[in-house]
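Heads up: the sequence lines are chains A, B, C, D, E, F, G and H, in that order. At position 29 of the first sequence (counting the first as 1) the number is 29 in this note's numbering, and the numbers step up by one without a gap. At position 139 of the second sequence (counting the first as 1) the number is 139 in this note's numbering, and the numbers step up by one without a gap. At position 55 of the third sequence (counting the first as 1) the number is 55 in this note's numbering, and the numbers step up by one without a gap. At position 59 of the fourth sequence (counting the first as 1) the number is 59 in this note's numbering, and the numbers step up by one without a gap. At position 28 of the fifth sequence (counting the first as 1) the number is 28 in this note's numbering, and the numbers step up by one without a gap. At position 62 of the sixth sequence (counting the first as 1) the number is 62 in this note's numbering, and the numbers step up by one without a gap. At position 10 of the seventh sequence (counting the first as 1) the number is 10 in this note's numbering, and the numbers step up by one without a gap. At position 4 of the eighth sequence (counting the first as 1) the number is 4 in this note's numbering, and the numbers step up by one without a gap.
Misleading hints may appear alongside valid ones.
Derived Cβ-Cβ restraints for the label pairs, each shown as a range [unchecked claim]:
#1 D8(D) / G40(F): 52 to 62 Å
#2 D148(C) / V58(E): 25 to 35 Å
#3 D218(B) / P243(C): 42 to 52 Å
Source of the hints: derived by calculation from the structure; they are not laboratory data. Ideal placement from N, C-alpha and C gives every residue a C-beta, glycine not left out.
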Amino acid sequence: MTTPCSDDLVIAGEVLSSRLFLGTGGLPQVALVAPILAAARPAVVTVSIRRTSSVAEGGLLAALRDAGVRLLPNTAGCLSAREAVITAELAREALETNWVKLEVIGDERSLLPDVVELLDAAAELVRRGFTVLPYSTDDPVIARRLVDAGCAAVMPLGSPIGSGLGVLNPHAIEAVRAAVDVPVVLDAGVGTASDAALAMELGCDAVLAATAVTRADDPVAMARALRLGVDAGRIARQAGRIPRQATARASSPVAGRIG
Amino acid sequence: MTTPCSDDLVIAGEVLSSRLFLGTGGLPQVALVAPILAAARPAVVTVSIRRTSSVAEGGLLAALRDAGVRLLPNTAGCLSAREAVITAELAREALETNWVKLEVIGDERSLLPDVVELLDAAAELVRRGFTVLPYSTDDPVIARRLVDAGCAAVMPLGSPIGSGLGVLNPHAIEAVRAAVDVPVVLDAGVGTASDAALAMELGCDAVLAATAVTRADDPVAMARALRLGVDAGRIARQAGRIPRQATARASSPVAGRIG
Amino acid sequence: MTTPCSDDLVIAGEVLSSRLFLGTGGLPQVALVAPILAAARPAVVTVSIRRTSSVAEGGLLAALRDAGVRLLPNTAGCLSAREAVITAELAREALETNWVKLEVIGDERSLLPDVVELLDAAAELVRRGFTVLPYSTDDPVIARRLVDAGCAAVMPLGSPIGSGLGVLNPHAIEAVRAAVDVPVVLDAGVGTASDAALAMELGCDAVLAATAVTRADDPVAMARALRLGVDAGRIARQAGRIPRQATARASSPVAGRIG
Amino acid sequence: MTTPCSDDLVIAGEVLSSRLFLGTGGLPQVALVAPILAAARPAVVTVSIRRTSSVAEGGLLAALRDAGVRLLPNTAGCLSAREAVITAELAREALETNWVKLEVIGDERSLLPDVVELLDAAAELVRRGFTVLPYSTDDPVIARRLVDAGCAAVMPLGSPIGSGLGVLNPHAIEAVRAAVDVPVVLDAGVGTASDAALAMELGCDAVLAATAVTRADDPVAMARALRLGVDAGRIARQAGRIPRQATARASSPVAGRIG
Amino acid sequence: MTITHNGEALALEARATVADLLVLRFDDPRPHGIAVAVNGEVAPRGEWAGWMLVEGDVIDVVTAVQGG
Amino acid sequence: MTITHNGEALALEARATVADLLVLRFDDPRPHGIAVAVNGEVAPRGEWAGWMLVEGDVIDVVTAVQGG
Amino acid sequence: MTITHNGEALALEARATVADLLVLRFDDPRPHGIAVAVNGEVAPRGEWAGWMLVEGDVIDVVTAVQGG
Amino acid sequence: MTITHNGEALALEARATVADLLVLRFDDPRPHGIAVAVNGEVAPRGEWAGWMLVEGDVIDVVTAVQGG
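Pulled out of the complex, with its shape left as it was, chain A reads as follows (with noise of 0.2 Å):
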């Protein structure tokens, strides 16, 4: 355990055993399932709303269960607040929990949130008795918004979903940050463990990747390196980095050279 229990991330009132989510999107085959959960140990696990032909659909859903982990619902792909009620209160059926990682896009090429349909959906969920994390912008004042709203964490992106470019605005999630008073998890973007960290050392209390390691060559390798980057960074955001100056600042004493 690399975070001490008073250092827990609390969401809604639960502790969280960890500072990593984990998204399934993209996984290549089920058996990978248990090893990266070994490896990533992370707090919640997200899975997707779809039509089923079968009850089984692979058994990702046996899987997760088999690991005893938190499992996450979404609502990506909604278009409107109607659709991401409907699918959440779907979720909260098939999977017995209120808590529902909330997306609402603008459209399905950029995916990015449509923060007017997200405020709808997020006062309508938390009406129903929802737990609701917003997948959102990196807008402050929205962010705002939405913990007046009721949501219990918020989740601001770093870049496009599935693009690995990481955090774009630092400047904008250090304000996310400074804004509200509930979790700030970094949801999209994150490509690599550098990314993780950097999110943390920002402020995050949390981080969610999906693709970064679902797509990874080794992604088992990826899982334990973004749990090890979460880590790094909270840790060091804790630590109080030295500031950053423009200057160089001698590591060896000036005195007492020879010659």
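Dock chains B, C, D, E, F, G and H against the given chain A, drawing on the hints supplied.
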């Protein structure tokens, strides 16, 4: 143990215990040596050579010997090959090691390497049987010349010593990595864990940190953070990250959405 | 004239005389208005609407009228759609223009747009016959919504007002450009000429600068620098730049070298 | 004329007509020389020295002589000081100028400078009465050594030749600027106008561009864009830009708002 | 009668229930880990056995799949 | 009567008009480049002369000033 | 005799000068904008007419071409 | 005689050795973890006892200290 044996770092035939090098410059108190080493588990610890008026010198050397860590004396502050060579000779005599982190700087303000004097000193020290690890610029042509001169590794800077600016030119570090077939140790500029992870992801074989740890608000915590960051970056590099792409890529299936 | 007529910027059917918008906030003295306008040759100049106890108000308005420049009143400082709408109405009455740079901010510290109130105000002002140029975030989905509401242009921020941080997220500005078919005017954050040139190279149709000019050591010189920067970036965008590539490409022939 | 006479660039006592140096490598057709020169108004134009089987060589030299522009022969492709010196001697004989852009590269793939051979060649050519402008790395210590060897200017690279990556390490370019008291000409890597403006804002006295112009979709337009970008950056540097600050600063008055 | 199941037309005997549909499609009247929407409203698991379908009903049966 | 002008209380004779207020404050019944709001609604320039103020009216008189 | 001109063997009459070579290759004893190296040393323009080539000389004739 | 020890003048008895100097300064003829340079050359540990100092010798005694 986060890195499998098959992945050990080997320099001049010696198997090193980790991929983090630690500098002791700026250490607020010797009492921190033990906990910092326990947190960082460094492969080597660097020390400087200075005139002494007492054998103790605050007991740093004793503390390091107690920890049983490999010492890497440096020639910090030397402005000429001549100075660096005699300093290295004294280090070998005092510490009974023929390893030396070779530093020859151009001036005492920027502390930037003087690669001309550096090449002369490297050639002479190799001739005298030293294992030379030169602190250099991020110039791949110079890196190749240092290897041709017999250096056992190259240590390009990420940014000026003590600046905490991280890796200012990732492209150059990748070019150094591609130019040589000896270990590349990122030296100077590391400020926090994500810097260390990034350096490893760029292909460095190890990272050296001094000020980042010793002058952090909590040196022991930062030592741990950097250790995790180095491991995270190393594993991420080997895991084969997803490509960066300008546009989004869905991590949730498009088919099967309701409504 | 650096841009051919065929390349004129047109907003709401009006042909504008250049691609630089100028803000007057922070102007040290009215006497600088004339030389700054001569150096910047702006398409429009923004002003704020405030209570007055004298008609003169330092003669700014008179100086601008003498220069015959198009005025663009803003609703700076408004925290709600209601405030912004009445401010716009008063501006229309006072300045006899139905153009308005619509600003609705989320708080007085960050001065960041509140896109929810912004959308409401934009729809209402369009209904009332205004030509609306909204100061917004770099969110392409919101940009599209503003255009759907009838805005004549969109004005995404590069970074916070007065920060001089330039374009913090070039990827987002390119996405805004791709999302809408009205002119995109980069607003807020420009600190120097290269920021303005970059914004234009990213596809912006114009750039607004205020603090960058008025608080520069030499406002007239910076006005000229930004004017040149905007033109440079516009022409470079149209010239079709070379692709970025990680490796070198010889600009001198390899064949025919002697020796 | 965009820069006042008092601001002329002077190298080795010669007053140059602008702060843009132009390379001709990659020029698609000689017919473009005249319009490109008219658009760029360069201070000098670089050419390479190669074996010839005809006097004409496509008439490039004639076209340049007709334009009355100052020629700056380079030693592109030379891998040793010896090669570079004889190439410079032949250039002096063929073009009747003792100015030379000195290039000695480490390998033909990266085209990066070999600063060791470069220093040897520079010293020898200065001894032989040449005015030496060396293409170098962004290493301030080497820059100072080149000046000590008698070079009339230094030409640090922004990024690899032809890469179009712009200035990869602004901090290093500022350090080179601070290290020497001769003109600093940014060489290599410029891809577009904002790169040129940034280089000037960092303190460079001039910028050299070749591929950026000759391989652009519209070389004449890019020539004009770079000329404007260089002037914009120069004037912005002199205008004294506002400081970068993490937080916003209102550009409109807070007092006197209605409602 | 004809209903729409996951976007496709499906013929069912009159008076069929949600449970009947699930048996037909999944050989199980209460399959685990799924949810059912009838005409865009959730049909709670407890009501499947008694929930009578009518001509033209639009039924969606969903489960958890891979997702980011 | 008492009205509020730009946030401050101001005593006016009964039956004063917007134009009267402007004369009082600006020595000009139709100053150039300003606008007037009465109780949060714009009072058009053309109506200033005839617009009768009443006890408690909130008047804002604004103009263009420096702004980003 | 045989010399090397720009990397290729070339047969010349004995006692040929640099100028003779230039006439042979360029129809001009003093072409403009070129330079000549003999065995890696510059042969100054003024000496071309009198500079006698000998068996095995390596001659490079160069001019200015496009370059970065 | 007078020698220079770590940059400062020091008076020693004639015929003093490196070991004598070390005893004088460190109460130890072979202190651990130090090295000695005489006139810019290393004096190996094994020769300290026999190494005779002479007037004007420049001696540096160094050890390992904190360093980056």
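Each hint, compared with the structure:
no.	hint	in the structure
1	D8(D) / G40(F): 52 to 62 Å	holds, 60 Å
2	D148(C) / V58(E): 25 to 35 Å	holds, 30 Å
3	D218(B) / P243(C): 42 to 52 Å	holds, 45 Å
Checked against the numbered hints listed earlier, the structure breaks none of them; every hint is satisfied.
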